[in-house]
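**Q** Given the coordinates of chain A, work out where chain B should sit on it, guided by the hints.
Chain order of the listed sequences is A and B.
The opening residue of the first sequence carries number 56 in the numbering used here; numbering runs sequentially from there.
The opening residue of the second sequence carries number 833 in the numbering used here; numbering runs sequentially from there.
Hints were generated in silico from the structure; no laboratory data involved.
A few of these clues could be false.
One side only, chain A facing chain B, incomplete, derived with CB under 10 angstroms [said to hold, decoys possible]: (1) 185; (2) 191; (3) 288; (4) 320.
Glycine is no exception: its CB is placed at the ideal position from the N, C-alpha and C atoms.
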Amino acid sequence: MSQKYFSKAEVFRRTYTRINHHKSLKIGLFLSLLVFCIAVTSLFYTPYDPYKMNLRDRFSAPGETHIFGTDEYGRDLFSRCMIGLRIAVTVGLISTSIALGFGLLIGLSAGMGFGWVDEILMRIMDGLYAFPALIFAIAIVSVFGTNIYNAMIAIGIVRVPIFARMIRNQVISLKKREFITAANSLGVSVISKIFRHYLPNIWAPVSVLISSNFAFAILSEAGLSYIGLGTQPPVPSLGRLLMESQKYMEKAPWLAIFPGLIIALIVLGFSLLSDGLNDISDPKY
Amino acid sequence: MSFIIRRIVTGMITIFSVTLISFFVFNLIPGDTARIILGFDADETAVSNLREELGLNSPLSVRYFDWFLDVLRGDLGDSIGYKQPVTDIIADTVSPTISITIFSLIISMLLSLPLGILAALKHNKKSDILITSVSQIGVVIPSFWLGIILLLIFSQNLKLFPYGSYTDITENFSDWLKSIFLPSLSLGLISSAVLTRVIRSSVLENMKEDFIRTAKSKGLKESRIIYKHVLKNSLTPILTVTGLQIASILAGTIIIENVFSIPGMGRLLLYSVQRRDLPVVQGVVLWIAMITVIVNIAVDILQIAIDPRLRS
Chain A
56 MSQKYFSKAE VFRRTYTRIN HHKSLKIGLF LSLLVFCIAV TSLFYTPYDP
106 YKMNLRDRFS APGETHIFGT DEYGRDLFSR CMIGLRIAVT VGLISTSIAL
156 GFGLLIGLSA GMGFGWVDEI LMRIMDGLYA FPALIFAIAI VSVFGTNIYN
206 AMIAIGIVRV PIFARMIRNQ VISLKKREFI TAANSLGVSV ISKIFRHYLP
256 NIWAPVSVLI SSNFAFAILS EAGLSYIGLG TQPPVPSLGR LLMESQKYME
306 KAPWLAIFPG LIIALIVLGF SLLSDGLNDI SDPKY
Chain B
833 MSFIIRRIVT GMITIFSVTL ISFFVFNLIP GDTARIILGF DADETAVSNL
883 REELGLNSPL SVRYFDWFLD VLRGDLGDSI GYKQPVTDII ADTVSPTISI
933 TIFSLIISML LSLPLGILAA LKHNKKSDIL ITSVSQIGVV IPSFWLGIIL
983 LLIFSQNLKL FPYGSYTDIT ENFSDWLKSI FLPSLSLGLI SSAVLTRVIR
1033 SSVLENMKED FIRTAKSKGL KESRIIYKHV LKNSLTPILT VTGLQIASIL
1083 AGTIIIENVF SIPGMGRLLL YSVQRRDLPV VQGVVLWIAM ITVIVNIAVD
1133 ILQIAIDPRL RS
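So that you can see chain B by itself, here it is in the shape it has in the complex:
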């Protein structure tokens, strides 16, 4: 229990550092922020009003403290381009991004678990060499390139999946699945290549342990040895890498949404960068970083719950 509390406290400190970095990066803009946002030929009164609106006349520390309190209340400020609260804009685009992230993770786990275990069980045999080689190729391919190739084959040539549209899960389940399948597959396949390698090496390492030899000499069935002993002990590194993969998939979604023209947070982020709508960019970046920290804390706590050896 004390570890969980300690982990939550360190997580809070990390979240604090995340807010600090987010704030200072977006306040490091060289020159006058208001003038940069409005353009160099903007009217002086408009620049002055925006400076006042953004609170740029106060000292940096005061501005950070005010901003931090607003963030705690869920207020990320107002968008310059949309003239709406950033929180509302993010809420409108969160569904496709989360759908793709979760579905990619499901694809990744469904592929990597059996393939990783199979490769370890058939160590140095043909199937192991095949799985290892394919996963090595998967690790080096950019997910957005795989997305382009899948789009070319399945969407443009075979017309099996839609392009440039997103249907919400609440509207029509099968259309929702069709709209997120190819982007999720692009990210899921790349992520499964990384996970397969980790699962393979973790299972291989555990197979050499004394307790596995004992289980084998007791005459236990191989399937029981795998599920009851090997997998249980391999879960810690698998969970660590899965946590990292969630962050990587979430970041990958930002690019893959642009490949498939899906109106999620990735499109919003890119559109806001192009229009220099910095409050929105800051909001999206902070939101994604927060999710990453929370996932990492959850993974650490889950590891403690699964593996009692880590409690000491």
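Looking at chain A on its own, in the form it has when it is part of the complex:
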């Protein structure tokens, strides 16, 4: 079977065309970029001080002055949601980096190493995978203490088996390809093989996993913070905002509605992005 080779410019043009023809991928990309932009903006601008109490404005309903309303201390919910969104993005970035870093290390070692290395590493990954992610994250947080850093580490660790397994499977299937056999017979170093051959070829499925992991991390952090094991007060993560809203549900239902909607929109963005990337990386698409 003949194999077509394309220049970098041609690859870029084809990728752009594929993205342009995929509606939900475009929506996912737009939402994800919007989330990143709001997160960066919140570093230097929020409409109101998210921590400043204003008891005269307690429980103001959503309106022109406060578009998402205010909480029990008169703090602006929109500004607090912006900070919550930034925390969600930070959790997504750090926990995904942990999962990707360890996943690459373990997946490459298992895939490229001897049979027994693969066997031992994969059995450990099986054991870790047997724990429902949230339960294992709760276990880690309970041992090392309840704060946002431990929550991020815990969320990252629980996803290592998924990254490791996928990378290992990709490496094993690549090992049989001619260009790897050729690299082996030319005596190319392991490091060079990883960076020049393996990583560029596993990048497409890894990028799908990265974006779906963002969605997972944000949902997990919201869950952990909701039960008080993630972000600690006064920092307003989206899960924590939901937890605090429950006391005032009848009086101020907006406190429960807006943070939940924002979580759903962020997760929607990353899952559409993940599904879309999965579609366009399929040669049959």
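**A** Just chain B now, kept in the frame of chain A:
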């Protein structure tokens, strides 16, 4: 048969790894475990007694082996806060958690099967687009947020369901159903969104197969083609995802119990984390992980029983 034995053996190895990870995670506490549990201003004698009681003076490998043998006997140690065996405490809280998990799964299956099949049969038509869009939204909503919204509408405003109470099934069936309905609905709706997508794509894939074309050309009724040929062949991926969903629902129950203040394992876990009652936390985590492994083994064996192609 050999596959079943092989699957049970690999399952045993996984269970062993689960115990190993559970033990080491809870023994990785930086510093002196006994002092951390009792607090830094605790009396030295009390710390020393607790260290002895927890067996912290022995080497880690010896402690793991002793603990593993105890776990095999069903002994998960004693709670520091409750001063009772962990197994007894878990047994007291297991009923609400299991009730919610099973009822959520029933809701999920009842919704996702007809919706998934309908979406596949009406591929690219209005009903398919509607079902796919709603299930896409369902996948991204946190179940506990849906729980809060359902609680706000049906419990606090309409007063149709109780809040913060649980009635055991043996006491009163209708009260039991009322007490678990909203938490189960929150988890079941989210889970059904995931399952609907899987069922839809699995049915769609099978509809393109040659044997379906043959069945159609033979003039078989559509309902017979769906139930006899399409569904039977779609069961393998559906079962795999259902197995994963059971684990996800079980984990979701831990949070949803806290939304509805139901005294199950989720409340117990959270309460124990807050009080640093680590033997209880370890017991609950291990128990849930074991259930997950056993469910996965059962799903794999069921798949083999249903699909003879997997036996080779």
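**Q** What hints, given by number in increasing order, does this structure fail?
**A** 3
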